[in-house]
Amino acid sequence: MDHIDTKTSKFLSYVLRHQPESIGLTLDSEGWADNV
Numbered sequence: 001m002d003h004i005d006t007k008t009s010k011f012l013s014y015v016l017r018h019q020p021e022s023i024g025l026t027l028d029s030e031g032w033a034d035n036v
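Quick note: the sequence shown uses my numbering, first residue 1, plus one each step.
Just so you know, these hints were derived from the structure itself, not from any lab.
Hints may contain errors.
Here are the simulated SDA-like pairs of lysine to any residue, each with C-alpha atoms no more than 25 Å apart in a straight line [stated by the list, open to error]:
#1 Lys10 - Ala33
#2 Lys10 - Asp28
#3 Lys7 - Asn35
#4 Lys10 - Gly31
Restraint ranges, calculated between C-beta atoms of paired labels, are given here [claimed, not checked]:
#5 Thr8 - Gly31: 29 to 35 Å
#6 Gly31 - Phe11: 14 to 20 Å
#7 Thr26 - Met1: 28 to 34 Å
#8 Asp5 - Ser29: 30 to 36 Å
#9 Thr8 - Asn35: 16 to 22 Å
#10 Ser29 - His3: 32 to 38 Å
#11 Ile4 - Gly24: 18 to 24 Å
#12 His3 - Asp34: 17 to 23 Å
Idealized CB from N, CA, C, for every residue including glycine.
Given the sequences, and given the hints that come with them, work out the whole structure.
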């Protein structure tokens, strides 16, 4: 995994845990999103 992959992975992990709505995702009560 190179530097850009690591940065992207960390960014996505942070957003999905703390602010999924900031990238247009709505999670259900169990933490899943529809893949549309």
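Checked hints:
As the CA atoms of Lys10 and Ala33 are separated by approximately 19 Å, the hinted pair is consistent with the 25 Å bound. Annotation: proposed proximity of Lys10 to Asp28 holds, straight-line Cα distance about 22 Å (limit 25 Å). Between Lys7 and Asn35 the alpha-carbon distance is near 23 Å, which keeps this suggested pair within the 25 Å criterion. With a C-alpha separation of about 18 Å, the suggested pair Lys10 and Gly31 falls inside the 25 Å cut-off, and the hint holds.
Between Thr8 and Gly31 the beta carbon distance is about 21 Å. The supplied range of 29 to 35 Å is therefore violated. Here the CB-CB span from Gly31 to Phe11 is close to 18 Å, well matched to the stated 14 to 20 Å. Range check, Thr26 to Met1: Cβ separation about 29 Å, and the 28 to 34 Å hint holds. The supplied range of 30 to 36 Å is met by Asp5 and Ser29, whose beta-carbon atoms lie about 31 Å from each other.
Checking the proposed 16 to 22 Å range against Thr8 and Asn35 shows it holds: the Cβ atoms sit about 19 Å from each other. For Ser29 and His3, the hinted distance range of 32 to 38 Å is satisfied, since their beta carbons lie about 36 Å from each other. Look at Ile4 against Gly24: about 22 Å separates their beta carbons, and that is inside 18 to 24 Å. Against the hinted window of 17 to 23 Å, the Cβ-Cβ separation of His3 and Asp34 comes to about 32 Å, which falls outside the hint.
The structure fails to meet hints 5, 12 from the earlier list, while all remaining hints are met.
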